[in-house]
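The primary structure of each chain is shown beneath.
4 protein chains.
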Amino acid sequence: MYVRLLTHTPDPERTVAAAARLCYSATGAARLYEDLSVEQVDKLLAHLIESGYESPTEHVTFTFAIEGVSRSLSHQLVRHRIASYSQQSQRYVREQSFDYIIPPSVAAVPALKARFHTTMATIQNAYNELLKAVPAEDARYVLPNACETKLVATFNCRSLYNFFRLRCCRRAQWEIRALACAMREEVRRVAPRLFALAGPSCETEGICYEGRFSCGRAPLASHSRGQGREE
Amino acid sequence: MYVRLLTHTPDPERTVAAAARLCYSATGAARLYEDLSVEQVDKLLAHLIESGYESPTEHVTFTFAIEGVSRSLSHQLVRHRIASYSQQSQRYVREQSFDYIIPPSVAAVPALKARFHTTMATIQNAYNELLKAVPAEDARYVLPNACETKLVATFNCRSLYNFFRLRCCRRAQWEIRALACAMREEVRRVAPRLFALAGPSCETEGICYEGRFSCGRAPLASHSRGQGREE
Amino acid sequence: MYVRLLTHTPDPERTVAAAARLCYSATGAARLYEDLSVEQVDKLLAHLIESGYESPTEHVTFTFAIEGVSRSLSHQLVRHRIASYSQQSQRYVREQSFDYIIPPSVAAVPALKARFHTTMATIQNAYNELLKAVPAEDARYVLPNACETKLVATFNCRSLYNFFRLRCCRRAQWEIRALACAMREEVRRVAPRLFALAGPSCETEGICYEGRFSCGRAPLASHSRGQGREE
Amino acid sequence: MYVRLLTHTPDPERTVAAAARLCYSATGAARLYEDLSVEQVDKLLAHLIESGYESPTEHVTFTFAIEGVSRSLSHQLVRHRIASYSQQSQRYVREQSFDYIIPPSVAAVPALKARFHTTMATIQNAYNELLKAVPAEDARYVLPNACETKLVATFNCRSLYNFFRLRCCRRAQWEIRALACAMREEVRRVAPRLFALAGPSCETEGICYEGRFSCGRAPLASHSRGQGREE
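As given, the protein sequences belong to chains V, Y, C and P, one line each in that order. If you count by this note's numbering, then the first sequence holds residues -3 to 227, one letter each, in order. If you count by this note's numbering, then the second sequence holds residues -3 to 227, one letter each, in order. If you count by this note's numbering, then the third sequence holds residues -3 to 227, one letter each, in order. If you count by this note's numbering, then the fourth sequence holds residues -3 to 227, one letter each, in order.
Hints should not be assumed to be uniformly reliable.
The list makes no distinction among identical chains, and a pair is therefore deemed to hold if it is satisfied within one copy or across any two copies.
Stated by the list, open to error - Result set (EDC-like, lysine to aspartate or glutamate): computed pairs, CA atoms no more than 20 Å apart in a straight line: (1) Lys109 with Glu125; (2) Lys109 with Glu133; (3) Lys39 with Asp7; (4) Lys109 with Glu144; (5) Lys109 with Asp95.
Hints are computed from structural coordinates only; laboratory data are not their basis. Fair warning: this is a prediction, and the values are worked out from it, not measured in the lab.
Using the sequences provided together with the hints, build the complete structure.
Next up, the structure:
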């Protein structure tokens, strides 16, 4: 898996702080953006995060280059609708020698791993055969979920908060969890205060809302609400 | 492919007409909803469609049961973000005897069709083997794009207009085009005036904006703009 | 204030239950929708709400006729972006005798109330005068926030959950809180189980996350996160 | 009116070009982003715009500081839901000496202008009086639509295309049209090719779809569809 922050709104923490401050100030955002001291930015962000006042964080966006992930993952990923995606198309790009992702549980057992590789080879041959006679968009019907794909994905900070809360949780499927954690590493490098607390509630609150599905990492909330899930 | 309109906002055309009328009226929507005559509803809808005034059509939603479609299709479908989806999960539902979709171009050639079936059988065997040792969410990595899936999808009317414009076009991939046309049949039964003109511009305007990608069904617009596409 | 549920997805609880069940079942949604017993629907909804699994609730929508509210309120309301709105337009509808909303804190003090009415009358006169010479869309610049407006608003159930959590809270402004509570009354009549627990966390969990802004109705969470707010 | 591009995705045209190219390429986005020549970026953008392939333009966002606009305008503006807003709050910021916007049609006639100023002064006095006795969130009910407000607004490029198409049109209300044109000036400075053609169809296609509402600037399309409108 290859995850890299391709680009992002410059000075994201200053941008969020200026937008947040505007709501309670007679001063315009352009001046706030220029005049806020580093200490004021810090203090505003601390207040924002403490009070759960998330809407100003929408003003900054983060664009990721993602490679070496499966089509299983991408199908889950694009269910997050408050984001923008561009994905390598199996309708137009021919997979004459496709890469694929092996789940760790399969890779760990030599016999299963061998069976997995053999199956991929069989699929590759069938695909190549079909490709001689039909369009790529039809030949791809034999391609596996494991098939590697590449994407560009853009999220704003608030949508990332939601993504990290759901997908950095141990209940999330392993591959999308690895992606979410890698994306979080990337954004923490450029906006450490904005993302210091981003993640599942066991990390941010020391409490778990997953009820009987909990992994046990943190004590259960007395009233267990769950956090909402997709797919 | 099985497509059925599961449920929808009752009396959708009256609902849209009342909402549209409200914007230009001193009367409230509850009274308009009750008092508009059938002729007034007709006239309001005709005006809406002629003038491209689409926002009141968002108030009505249509929920579809969709079965017998491939995971290729569902991956494309869920890219339409102004909609809601529930999909049979390959993490939780075991595919010990999965159904699959064969592209017509493959089914038309006996040798290709045979190769396709053989490949599916190989995959099925590998999947069943993996399932003995690893969770379903990992075994599914060998499953093909062709694998059958089931969904519930809800769109509002305005989002359907966009969906039909893009996906009933002959440039769309065959399977999602068949789905879009079947969905359009369903909604035309319950809201014939709202959807009379829904579809690609060759049907609605007698003109094509696809430029050099045009299928030739309608003359090209002098300035060819395309219609926007996803995936 | 007049709030009425104009229309909604028929049998909303069955619709949500069928969509939720589909994700974990080999059976299609059309059959589930028909075959689920009332007891099964109940049980599925109870599980959904307990586990915070909200996405299936998006399949059902509720359309409200709203009258007798101020433009202050409507400006706040339309900040909720996962919803559809049609609003009486001040560009097209002339307010030659506009109604207006008086805040209870003003109405409670006779002198303030008199001052309020006088100011409204002055504005009405100026508006009528301007209307003789300029278009309604320009004359409206003198109209007050208090000016009455009418809307049609459509939300799906999941978006209503968010709306009720934020706007039924005592920290919300009084007018939008009254609207939210009235809307909740309406939907509880037709989908009592779906909305039994909808509201701020003091009602749903017996805990408050508002920290130092708390009204004191429920004990504070040890880690106070706030709930996110708009405007 | 004061409109300034506060910040934006760096190198927006390269970002869009890399995302667009990824869909049809075996190469990942990080390498495309680094390796595309200026000529390749130009060519990719030209192709995008010609073919109406808008989805890759979502990856770049533009954040505006907006001041000196009316609450009439902001109420219209926030109806554009694919965007993020932070707005100076009349609940928290006291308007003890509020600025206001005078429509040009009113300002052009001395008697109307005087009447407008007098009305504003009456409102200011009433507001200040109320403020002594009630919270700002209630006193604001007397404030006019003309009242000045400040915002931060973030749009992605695709959403700006829609905004400029609707709001740079002469049918749009004068104030939001002035805002849209000022925003377009700003983004054209930093992404001239992306926004070269952004605007109403009379500018981009030399044709008008507004039917009987047309301003006459460009010939009518044979089949007049309108372009969709909000509020």
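Here is how each hint holds up against the structure:
1. For the homomeric pair Lys109 and Glu125, the shortest alpha-carbon distance between copies (11 Å) is at most 20 Å, but the shortest distance inside one copy (24 Å) is not.
2. Taking the shortest Cα distances, Lys109 and Glu133 sit within 20 Å of each other only across copies (16 Å), while inside one copy they are farther apart (28 Å).
3. In this assembly of identical chains, the alpha carbons of Lys39 and Asp7 lie at most 20 Å apart only when taken from the same copy (16 Å versus 30 Å across copies).
4. Proximity of Lys109 and Glu144 under a CA criterion of 20 Å is satisfied intra-copy only: 17 Å inside one chain copy versus 25 Å between copies.
5. Only within a single protomer do Lys109 and Asp95 lie at most 20 Å apart by alpha-carbon distance; the minimum there is 15 Å, versus 25 Å between protomers.
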